[in-house]
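K.L.:
Residue-level listing of the chains:
Protein chains: 2
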Amino acid sequence: MDSLDGIAGRRSVRRFGQEPVDDETVEKLLRAAMAAPSAGNQQPWRFVVVRDREVLRRLADASPYASMLPTAPVAIVVCGEPAVEKHVGFWVQDCSAATENLLLAAHALGLGAVWLGYYPVHERIAGASEALGLPDGIVPLCVVPVGHPKEEEKPAVDRYDATFVHRDRW
Amino acid sequence: MDSLDGIAGRRSVRRFGQEPVDDETVEKLLRAAMAAPSAGNQQPWRFVVVRDREVLRRLADASPYASMLPTAPVAIVVCGEPAVEKHVGFWVQDCSAATENLLLAAHALGLGAVWLGYYPVHERIAGASEALGLPDGIVPLCVVPVGHPKEEEKPAVDRYDATFVHRDRW
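Residue numbers (the numbering used here), protein chains in the order written: chain A, 226 to 395; chain B, 226 to 395.
Read the hints as simulated data drawn from the structure, not as lab findings.
Model, not experiment: these values are computed from the prediction.
Any given hint could turn out to be false.
Using C-beta positions, here's what the derived DEER-type ranges look like [claimed, not checked]:
{"#": "1", "chain 1": "B", "residue 1": "Ser292", "chain 2": "A", "residue 2": "Arg240", "range": "18 to 26 Å"}
{"#": "2", "chain 1": "B", "residue 1": "Gly242", "chain 2": "A", "residue 2": "Gly358", "range": "44 to 52 Å"}
{"#": "3", "chain 1": "A", "residue 1": "Val309", "chain 2": "B", "residue 2": "Arg282", "range": "30 to 38 Å"}
{"#": "4", "chain 1": "B", "residue 1": "Ala351", "chain 2": "A", "residue 2": "Glu279", "range": "42 to 50 Å"}
{"#": "5", "chain 1": "B", "residue 1": "Ala351", "chain 2": "A", "residue 2": "Glu377", "range": "30 to 38 Å"}
Below, a sample of chain A positions facing chain B; criterion: calculated Cβ distance under 8 Å [to be verified]:
{"#": "6", "residue": "Gln243"}
{"#": "7", "residue": "Pro245"}
{"#": "8", "residue": "Glu249"}
{"#": "9", "residue": "Thr296"}
{"#": "10", "residue": "Gly342"}
Glycine included, C-beta positions come from ideal geometry on N, C-alpha and C.
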């Protein structure tokens, strides 16, 4: 898939078929995520690859927007470890860049995925941390279910808005 | 450029040649940025496209890592407008996804770029806000200088680290 087309054509997918997503594919997604830039190249991202149905159910229970999670063959939880930061306060940006790479890689591989936000909502963080047994200092940023899209492919939308663009000064 | 290759091959570029980057190209970059997902599709991103040398110098003065800014033909400042959020607290993630798309699009177009972090460092935010005349409520997240790479193309690096990956639970 062409790079610019992939960026333009990626859409959130929330309905998944039963076909599995193998470990080799998951590694491709993680490799894309870890290719993201990070402040001082500190790579503060950590990942939990979840296939266990019970863990997926508990992750779903932690957010009002995550009910599809147990229907996905696999979900990748993107976490941050703020303590490793040399440049304090950038881990959310770094892990978000990694998440966007993961979504684009899924799309390029013909898979569907959606970014389910957990951080900074306290109840979602607590629920996910409990479900995954996260140690202190590991913060779940988001959960990305991945699968073969069951829904019809959505057309690319053009979100370009010229009113969002200023020149030289605001 | 292939999507997965583009993700793997993108590197930070900090040295730029004198060739200009035209407005049509800048629009392609902005279009890629605005194709990012955002919480509740609220699109809290705003952009300032800076070509003015004096503004670039003032942006450079606001951060210890931005001295190359005045050597770039153009820089794009990615800002957030938190007040438009339906889901409070997600604007940094949304704008970071947009920034990663922008970097990937630059790479796909044969351009070089680098993510210069400003938020959440108080002095950098204040300096950039002053340089750009940002109104209250608009927060500069990062500045991305864009140009034709002057440096030799860096080889792709494989940052994949299996120790960052956990299965089902931490």
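K.L.:
Each hint needs a verdict: does it hold in this structure or not?
P.N.:
Hint-by-hint comparison with the structure:
1. For the pair Ser292 (chain B) and Arg240 (chain A), the supplied restraint of 18 to 26 Å is violated, since their beta-carbon distance comes to about 49 Å.
2. For the pair Gly242 (chain B) and Gly358 (chain A), the beta carbons lie near 51 Å from each other, so the given range of 44 to 52 Å is met.
3. Checked against the hint of 30 to 38 Å, the pair Val309 (chain A) and Arg282 (chain B) passes, with Cβ atoms roughly 33 Å apart.
4. One distance hint, 42 to 50 Å for the beta-carbon pair Ala351 (chain B) and Glu279 (chain A), holds here, with the actual separation near 48 Å.
5. Range check, Ala351 (chain B) to Glu377 (chain A): about 48 Å between beta-carbon atoms, so the 30 to 38 Å window is missed.
6. For Gln243 (chain A), the interface hint is violated, since its Cβ never comes within 8 Å of a Cβ in chain B; the closest pair sits about 20 Å apart.
7. The criterion of a C-beta within 8 Å of any C-beta in chain B is not met by Pro245 (chain A), whose closest approach is roughly 15 Å, and the hint is violated.
8. Here the hint on Glu249 (chain A) is broken, as its CB sits about 13 Å from the closest CB of chain B, past 8 Å.
9. At its closest, the beta carbon of Thr296 (chain A) sits 17 Å from a beta carbon of chain B; the interface hint therefore is violated under the 8 Å criterion.
10. At its closest, the beta carbon of Gly342 (chain A) sits 5 Å from a beta carbon of chain B; the interface hint therefore holds under the 8 Å criterion.
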